[in-house]
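Participant: Protein sequence lines correspond, in order, to chains A and B. In this text, residue positions in the first sequence follow the numbering used here: the first is 1, and each later residue adds one. In this text, residue positions in the second sequence follow the numbering used here: the first is 1, and each later residue adds one.
I should point out that these hints are in silico values taken from the structure, not numbers from a laboratory. We treat Cβ as the ideally placed atom computed from N, Cα and C, and that holds for glycine. One or more hints might be untrue.
Claimed, not checked - Simulated crosslink set (EDC-like; lysine to aspartate or glutamate; CA at most 20 Å straight-line): (1) B:Lys2 <-> B:Glu230; (2) A:Lys48 <-> A:Glu11; (3) A:Lys162 <-> A:Glu11; (4) B:Lys264 <-> B:Asp215; (5) A:Lys95 <-> A:Asp152; (6) A:Lys48 <-> B:Glu230; (7) B:Lys231 <-> A:Glu150; (8) B:Lys233 <-> A:Asp152; (9) B:Lys264 <-> B:Asp295; (10) B:Lys231 <-> A:Asp152; (11) B:Lys233 <-> A:Glu150; (12) B:Lys234 <-> A:Glu150; (13) B:Lys232 <-> A:Glu150; (14) A:Lys153 <-> B:Glu230; (15) B:Lys178 <-> A:Asp132.
Claimed, not checked - A few chain B residues that don't get close to chain A, going by computed Cβ distances all over 12 Å: (16) Tyr33; (17) Asn69; (18) Leu89; (19) Arg192; (20) Phe218; (21) Gly220; (22) Thr256; (23) Ala291.
Each chain, written out:
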Amino acid sequence: MKEYISNNQKETAQIANDLADRLEGGELIALSGNLGAGKTVFVKALAKALKIKEQITSPTFVLMKVYDIHSVKSSHMRGAAEPQFNGVKHKKADKFVHVDCYRLRGQDDLYDIGLGDYLNYDNIIVAIEWADKIVNLPERTIRVDIKLLEGDKRKITILWPKN
Amino acid sequence: MKILAIETSCDETAVAVIKGSGSFLVLEKNIVYSQVDIHTKYGGVVPEVAARKHAETIIPLLEEITGKNKLAGIDYLAVTAGPGLITSLILGISAAKTLAYANNKPLMPINHMEGHIYSNWLSNSELVKNPKKYFPALVLIVSGGHTELVLMKGHGQYFLLGQTLDDAVGEAYDKVAKLLNLGYPGGPIVSRLAESGDGQKYDFPRPMMDKKNFDFSFAGLKTAVLYALEKKKKLNQQDVKDVCASFQTAVTDVLTTKTFKAVKKYKVKSLLLAGGVSANSFLKASLASRAKEIDLPFFYPELKFTGDNAAMIAVAAYYNIKDKKKDILPAKKVFSLGPQSNWQLTKNKI
Chain A
1 MKEYISNNQK ETAQIANDLA DRLEGGELIA LSGNLGAGKT VFVKALAKAL
51 KIKEQITSPT FVLMKVYDIH SVKSSHMRGA AEPQFNGVKH KKADKFVHVD
101 CYRLRGQDDL YDIGLGDYLN YDNIIVAIEW ADKIVNLPER TIRVDIKLLE
151 GDKRKITILW PKN
Chain B
1 MKILAIETSC DETAVAVIKG SGSFLVLEKN IVYSQVDIHT KYGGVVPEVA
51 ARKHAETIIP LLEEITGKNK LAGIDYLAVT AGPGLITSLI LGISAAKTLA
101 YANNKPLMPI NHMEGHIYSN WLSNSELVKN PKKYFPALVL IVSGGHTELV
151 LMKGHGQYFL LGQTLDDAVG EAYDKVAKLL NLGYPGGPIV SRLAESGDGQ
201 KYDFPRPMMD KKNFDFSFAG LKTAVLYALE KKKKLNQQDV KDVCASFQTA
251 VTDVLTTKTF KAVKKYKVKS LLLAGGVSAN SFLKASLASR AKEIDLPFFY
301 PELKFTGDNA AMIAVAAYYN IKDKKKDILP AKKVFSLGPQ SNWQLTKNKI
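Go ahead and model the full structure; you've got the sequences and the hints to work with.
Facilitator: The structure is reproduced here in structure tokens:
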């Protein structure tokens, strides 16, 4: 578990960036925190670090959005050594799914919106906001909790799964 | 021509039939399976029920709207293909494809946002009668899931000028209502309470108002309200009304200012409002007043067409077909149509 104190959005973005560097594909990130804590800000920074070109907007009403990650996979030459892309190691992920449970009741709803099509795939990274509404998240879930402190200050706790 | 349209991009299941020829448009039938009752019961959209509802209601709605003559008089089918929630979109698309194939009717896929733009044609006969007089038009689309400024040069010719970078306007209203514990649906409640509140009491930020682009951002406004509430600790009834009013004033300020900056820059001939939040009287009044100052025609849809509905999809299809703006899918080729959950109106540089 790692605890961070962020003084502003820029610092939060840096923390998200560090997390993104450790992602390869197949991960499930669960975000919790009250309204206004900065869950979407965190996800936006995460997406930027994953080099997603599209604007990440709040999926509260549409519930789930899927984005392409423009990894270097497509330009990988057969037989070549592990490709480098701006100094970042080759990653497997080529899709990013952003879910928002704010309007959902629980577990079953997640499957009804089609999340099942994106979970447990090596090439897909899933981030779920208001994940604390979901009870049986898999053990491999990376949990990010954001707590409001005074003003723009936040306490961000990242809990990595045991392994 | 007669068009039957299906809309299932998010929470609503809707079907409609319109008849059009030249500059003559009649809405023959319009059914919207409003799921608000279900929402109130569960305190928010319950997709399990909503998705099941789409599957349960689409057939009865189609049977209701076609009657014993089925698709006999229908020339074209239309369906919302995106943007929206993929599972919801698929239901409407599957129904449309099957109907098209089985009855040998061509199918026109329509963009949901384009539908909202055309909700104005349902409520303003002026737009129908004088097709060229109001182009180029500027359209402000504001709903729970979307906030966009679109330049409409003509039928089927859109340029996305800007959009929200985070929360949509409707969503911001909803979340402020949540912060104030106001119940569901939050937006209209905030708006109602704002009527007897002081819009200047809290100086909430007007995000991105001075930026040269036409993008919006409402997440910061949401947190400003949150911070104000934390500071205040305890709120009485008048405080709640003042927060609502001040929030609404800030949102309206941003929307109005940026909209009219675009009006000026693109020298448009009319302003159109669309989307669920177009029901907001405060916003309508603000835009109307600025429009009047410069003699700019201003249009907005009737209340019943502000939310998601299939009538607007049918009208969008009518103009796309009539002006040959898009390729229509022949009955035998409909199976290639899939949901496009991120389908955006054109974002070309002008």
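Participant: Hint by hint, which ones does this structure get wrong, listed from lowest number up?
Facilitator: Of the numbered hints given earlier, those the structure breaks are 1, 3, 5, 6, 18, 20, 21, listed in rising order.
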